[in-house]
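These protein sequences, in sequence, are chains A and B.
Whatever position you read off the first sequence (first residue = 1), add 3 for the working numbering.
Whatever position you read off the second sequence (first residue = 1), add 503 for the working numbering.
These are calculated hints, taken from the structure and not from any lab test.
This structure is a prediction, so every number in the text was calculated from the model and none was measured.
From the three backbone atoms N, C-alpha and C, an ideal C-beta is built for every residue, glycine too.
There could be a bad hint or two in this list.
[What the hints assert, rightly or not] Think about it this way: if two alpha-carbon atoms lie no more than 25 Å apart in a straight line, the pair counts; the simulated DSS-like pairs of lysine-lysine are:
#1 B:K787 - B:K806
#2 B:K583 - B:K536
#3 A:K273 - B:K536
#4 B:K787 - A:K148
#5 A:K273 - B:K806
#6 B:K519 - B:K536
#7 B:K536 - B:K512
#8 A:K45 - A:K29
#9 B:K806 - B:K512
[What the hints assert, rightly or not] Just a few of them, taken from the derived set where beta-carbon distance is under 7 Å, the chain B residues facing chain A:
#10 T520
#11 Q697
#12 E746
#13 Y748
#14 N750
#15 L763
#16 P764
#17 V766
#18 I777
#19 S780
#20 L783
#21 E786
#22 H790
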Amino acid sequence: MADNNVLLRVDNLVKHFPIMRGLLQKQVGAVRAVDGVSFELKRGETLGLVGESGCGKSTTGRAVLQLYRPTSGNVHFDGTDLTAIKGEELRAMRRKMQMIFQDPYASLNPRMTVGEIIREPLIVHKVATEAEANERVKQLLELVKLNPSFSTRYPHEFSGGQRQRIGIARALALQPSFIVCDEPISALDVSIQAQVVNLLEELQNEFNLTYLFIAHDLSMVRHISDRVAVMYLGVIVELSTRDELYEHPLHPYSQALLSAVPIPDPVIEKTRQRIILTGDVPSPANPPSGCRFRTRCPIAEAKCAESRPEFREIKPGHFVACFFADRYL
Amino acid sequence: MPDLLLDVKGLETTFKTPDGIVHAVNGVSFGLKEGETLGVVGESGCGKSVTMLSVLGLIPSPPGKVKEGTAHFFGRDLLKMTSAEIRQIRGAQIGMVFQDPMTSLNPVLTIGRQLEEPLVVHLGMTRAQARNRAAELLAMVGIPNAKDRLSDYPHQFSGGMRQRVMISMALACSPQLLIADEPTTALDVTIQAQITDLVKRLRSELGMAIIWITHDLGVVAGFAQRVIVMYGGFIIEDSIVNELYVNPTHPYTIGLLGSLPRVDASGHETLTSIEGSPPLLYEKPTHCPFAPRCKWAMERCWKENPPLETVAPDHRVACWVDVKTGRAR
Numbered sequence: 004m005a006d007n008n009v010l011l012r013v014d015n016l017v018k019h020f021p022i023m024r025g026l027l028q029k030q031v032g033a034v035r036a037v038d039g040v041s042f043e044l045k046r047g048e049t050l051g052l053v054g055e056s057g058c059g060k061s062t063t064g065r066a067v068l069q070l071y072r073p074t075s076g077n078v079h080f081d082g083t084d085l086t087a088i089k090g091e092e093l094r095a096m097r098r099k100m101q102m103i104f105q106d107p108y109a110s111l112n113p114r115m116t117v118g119e120i121i122r123e124p125l126i127v128h129k130v131a132t133e134a135e136a137n138e139r140v141k142q143l144l145e146l147v148k149l150n151p152s153f154s155t156r157y158p159h160e161f162s163g164g165q166r167q168r169i170g171i172a173r174a175l176a177l178q179p180s181f182i183v184c185d186e187p188i189s190a191l192d193v194s195i196q197a198q199v200v201n202l203l204e205e206l207q208n209e210f211n212l213t214y215l216f217i218a219h220d221l222s223m224v225r226h227i228s229d230r231v232a233v234m235y236l237g238v239i240v241e242l243s244t245r246d247e248l249y250e251h252p253l254h255p256y257s258q259a260l261l262s263a264v265p266i267p268d269p270v271i272e273k274t275r276q277r278i279i280l281t282g283d284v285p286s287p288a289n290p291p292s293g294c295r296f297r298t299r300c301p302i303a304e305a306k307c308a309e310s311r312p313e314f315r316e317i318k319p320g321h322f323v324a325c326f327f328a329d330r331y332l
Numbered sequence: 504m505p506d507l508l509l510d511v512k513g514l515e516t517t518f519k520t521p522d523g524i525v526h527a528v529n530g531v532s533f534g535l536k537e538g539e540t541l542g543v544v545g546e547s548g549c550g551k552s553v554t555m556l557s558v559l560g561l562i563p564s565p566p567g568k569v570k571e572g573t574a575h576f577f578g579r580d581l582l583k584m585t586s587a588e589i590r591q592i593r594g595a596q597i598g599m600v601f602q603d604p605m606t607s608l609n610p611v612l613t614i615g616r617q618l619e620e621p622l623v624v625h626l627g628m629t630r631a632q633a634r635n636r637a638a639e640l641l642a643m644v645g646i647p648n649a650k651d652r653l654s655d656y657p658h659q660f661s662g663g664m665r666q667r668v669m670i671s672m673a674l675a676c677s678p679q680l681l682i683a684d685e686p687t688t689a690l691d692v693t694i695q696a697q698i699t700d701l702v703k704r705l706r707s708e709l710g711m712a713i714i715w716i717t718h719d720l721g722v723v724a725g726f727a728q729r730v731i732v733m734y735g736g737f738i739i740e741d742s743i744v745n746e747l748y749v750n751p752t753h754p755y756t757i758g759l760l761g762s763l764p765r766v767d768a769s770g771h772e773t774l775t776s777i778e779g780s781p782p783l784l785y786e787k788p789t790h791c792p793f794a795p796r797c798k799w800a801m802e803r804c805w806k807e808n809p810p811l812e813t814v815a816p817d818h819r820v821a822c823w824v825d826v827k828t829g830r831a832r
């Protein structure tokens, strides 16, 4: 690959889920969950992926990791096209990429001890003997600031925040270079969220980890990310560096989304202008023609229904998919 | 004070569980003026929902029990009423909106049937009158083609639309008080903005008092006149909204605001998290409930539970320590 610093390059990633009907299970349509997504991630960088429920952000994360095989498109990870490999070859690559899940209650097997959960990846990938693995479990628990003696306990004995730390320890077991964090804090209480985010940042600095941080909490994404991509109905509508995106959003959807986030300051809140979008997100099984956002867009014109706006670099490093983004420059 | 619409004093509620008795609410007192909007903030398990359910006589008993306290609404104690009496008040004079609009609506009845019910029961309307009024109510909360949609079922509405239906139902009998328990937590930010915008408009049109329960300090900032913060079944801070955000005084409130990243703030500084996790409440705390997590805790905090004391006009705090000096208040 041209740029050695790029760890992950996603090109025109598409994931459609078939809709089957009838006795013969004929395919009658498709949920176009991810419909042409491209981005790059540099080593040690955090890309925030934001959007509302159903926009395809989690599917993107899973398709990148090949947990869902993409319908089309390419995912280059560390110089290898993940979509072109399978079996043992893919399994070997999986060591380098891990995932932290949203629900710390559902993502840990209740019948396994914490030690067994964290040890499992080491055993599956045959990278450690039993004794080495036990030693490593202790280190990992310390790393995520849990007591190493917890390894004999079961998940139900822990609070949500502690369980999320266990999930993080498991993800780190194989010393990955890339972690997809899929809403890692949205199930946690506010005071616990900060603990987990601080931990993720510390670990990133220590091990030069690369994160794809998927979340709907725009404030937290601004805090943790270097660059941010905004998704709507299966496509990225805007991508830029963090402060640029939050201070000069150019896509009407990003603008509305950011204006809708409440700010914990009554003085600012009283004078703030909200852009209230009308209606709901259309179904991804039957998305609007042309620009996906046009049905709710305050500035849509006839042209928006005819063709899909190109995802273009409007300023260095600032990409946007809107015909009229220049108005806001 | 006679001008209070709702006057709650010394409320205590416990739950019997297999692991012991949980002291969910431990002596909560607050008042609400007519037309006032009160935000109730706290993390899961702090007792904010249980407080309101106790007031409404909605605590399932057993296992729950309202042990102590009074809750005067228009001079009558809600806690002493029979279930028949309180039913006359709930839905008529006090409207309620809950977090999950899917489970609060009956899936096998049309929206129209469910909207007409309180009108027939509480206001003695005929079916035909109720039908017309129901259509007006749906239109009031911004549902297009209100008349036609009365014959639709809940699953035919999106999450945001369902919450609009819930609000129209809560306001059907023009209540003096609306209690909303995390009404926007299950919704996306752009839909949350639609709903808060709607409630603000209805508040200025109808003039009802509102109690808005949330874990999000951002949502109430632009919305409430007064905010109470709860922790471990106690009110630990009670203040008019501007004062609370400018001058948070309880260490927990300070910690909560510090652990919240802001969408309008750039910078990558570490969030000031609150270490530890919320109390389990199997015993009624005899000391300050926040002492185990408090970095300012001193000897007295472990011996006596501080009462709510006035620190500034319209601002009360339950803390022995003056965090500005680090010494006893």
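So, going through the hints one by one against the coordinates:
no.: 1; hint: B:K787 - B:K806; in the structure: holds, 13 Å
no.: 2; hint: B:K583 - B:K536; in the structure: holds, 21 Å
no.: 3; hint: A:K273 - B:K536; in the structure: holds, 21 Å
no.: 4; hint: B:K787 - A:K148; in the structure: violated, 29 Å
no.: 5; hint: A:K273 - B:K806; in the structure: violated, 42 Å
no.: 6; hint: B:K519 - B:K536; in the structure: violated, 33 Å
no.: 7; hint: B:K536 - B:K512; in the structure: holds, 15 Å
no.: 8; hint: A:K45 - A:K29; in the structure: violated, 42 Å
no.: 9; hint: B:K806 - B:K512; in the structure: holds, 24 Å
no.: 10; hint: T520; in the structure: violated, 15 Å
no.: 11; hint: Q697; in the structure: holds, 6 Å
no.: 12; hint: E746; in the structure: violated, 9 Å
no.: 13; hint: Y748; in the structure: holds, 6 Å
no.: 14; hint: N750; in the structure: violated, 12 Å
no.: 15; hint: L763; in the structure: holds, 6 Å
no.: 16; hint: P764; in the structure: holds, 4 Å
no.: 17; hint: V766; in the structure: holds, 4 Å
no.: 18; hint: I777; in the structure: holds, 4 Å
no.: 19; hint: S780; in the structure: holds, 5 Å
no.: 20; hint: L783; in the structure: violated, 9 Å
no.: 21; hint: E786; in the structure: violated, 18 Å
no.: 22; hint: H790; in the structure: violated, 19 Å
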